[in-house]
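Given the sequences, and given the hints that come with them, work out the whole structure.
Chain by chain, the residues:
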Amino acid sequence: MRILIADDEAMSRRLLQKTLERAGYEVIAVENGRQAANQLCTTNGPKLALLDWVMPELDGPGVCGEVRKRKEQSYVYMVLLTSKEAKEDVVAGLESGADDYLTKPFDAEELKARLRTGLRILDLEDRLVEAREEMRFKAMHDSLTSLWNRGMILELLGRELSRSRREHVSTAILLCDLDHFKNVNDTFGHLAGDEVLRETAKRLLSSVRSYDFVGRYGGEEFLVVLNNCDPAFGFARAEQIRRAIAQRPVQTSTGPVPVSMSLGVLLSHEWGARPLEELLQEADLALYAAKAAGRNCVKVASPNAADRDADLRANEPAKQRR
Amino acid sequence: LLRELLLVFKHEFPHNLLALREAVEAKDENRVATAAHTSKGMLLNLAANRAAATVAQLEQLGRQGEVAGFAALFATFENETGKLLPQLDACMQEACK
Chain A
18 MRILIADDEA MSRRLLQKTL ERAGYEVIAV ENGRQAANQL CTTNGPKLAL
68 LDWVMPELDG PGVCGEVRKR KEQSYVYMVL LTSKEAKEDV VAGLESGADD
118 YLTKPFDAEE LKARLRTGLR ILDLEDRLVE AREEMRFKAM HDSLTSLWNR
168 GMILELLGRE LSRSRREHVS TAILLCDLDH FKNVNDTFGH LAGDEVLRET
218 AKRLLSSVRS YDFVGRYGGE EFLVVLNNCD PAFGFARAEQ IRRAIAQRPV
268 QTSTGPVPVS MSLGVLLSHE WGARPLEELL QEADLALYAA KAAGRNCVKV
318 ASPNAADRDA DLRANEPAKQ RR
Chain B
37 LLRELLLVFK HEFPHNLLAL REAVEAKDEN RVATAAHTSK GMLLNLAANR
87 AAATVAQLEQ LGRQGEVAGF AALFATFENE TGKLLPQLDA CMQEACK
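Residue numbers (this note's numbering), protein chains in the order written: chain A, 18 to 339; chain B, 37 to 133.
By construction, these hints were calculated from the structure, which means they are not laboratory data.
Everything numeric in this text was worked out from a predicted model, so none of it was measured.
No more than 27 Å apart at the CA atoms, straight line, and that leaves these computed lysine-lysine pairs for DSS-like:
# : chain 1 : residue 1 : chain 2 : residue 2
1 : A       : K104      : A       : K86
2 : B       : K46       : A       : K35
3 : A       : K121      : B       : K46
4 : B       : K46       : B       : K119
5 : A       : K121      : A       : K104
6 : A       : K129      : A       : K35
7 : A       : K35       : A       : K121
8 : A       : K121      : B       : K119
9 : B       : K63       : B       : K119
Counterexamples of contact, computed for chain A against chain B with all Cβ distances above 10 Å:
#  : residue
10 : E105
11 : V107
12 : L145
13 : H197
14 : K219
15 : D247
16 : A249
17 : A290
Even glycine gets a Cβ: it sits at the ideal position worked out from N, Cα and C.
Rendered as structure tokens:
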């Protein structure tokens, strides 16, 4: 564990350094408060600090105050070391953001015990952050495929559309649906169905750029958002995805399962400032056209496609088309 | 470690004592408080409690701005540290054996 010690007095600094090194700490020693604050405020700075109260440039409580202002960084456990013993000094030190307080000259065993308290608190913080990150991940991702979940992919699409309108570039929306997925579940079982969905997610992710978005939109339906791409690229990428999905059967625990995908593609710049829901509806119509054309193909939505496919839409609800 | 600390003390303390003397002569309460505080920390690390207590009083006078008491108390402090240094030298020889 790395620990920062800040003391302008060379003897105390040396004594602290030796004591802590013998206790197994990796010590960073500085001689004024400004250097201490700079070290502690860096992203990967030490998370444990022993600060002398009276120091040039910035005193110990001043360092605590600066570190506590930086709320976004992980917690730093700070102990003030000083010969000040008056109750009002203790209160002022703790009010500045220090976690503990130790009077000089320090007792080595007491110092180490108090630092162990700090380590327990830092460990607790690590576990809380880990749990929070796990919850955040679960709130934004689909549990089966680890792709963005429906809520998140729609939010990302909304943001991307706003950006593309602002910057006058095009965003491609790909609504993708596995063909005859119900048959996969019925023939090979739901476990195999889940394996197909996971493998599909992998193939989708490996077919797009790192800054594109891929989400699970529904059961066997996926939404891909291609950022800043021209129409030709959008179509070519959709074809590439289709081929990647269909190129070989998915190996499942119950044997190989042949898969294919139909895709409806829509390019945002052709559709002006229409709301997200309408754009998705257009992509859905293009997907429907791909299904109607025999599946395992890509259809691109065009401004008059809505009229052309209006009859189909009226005759067959989306849920039945798969 | 003791030898190392004594070496640091022997190197650092004379500079600090000089700074304290100059501050006392200039009747500069802030500099007196700062230099006295540093001396106190060094002496406490060596368990030189009597000299540390004297210089703590000097620090207190500095913080309270009581410049009239500086010279007398500094003289006492110098006297005490004068006795202390030979003792430390003896300690160091012991530590080097």
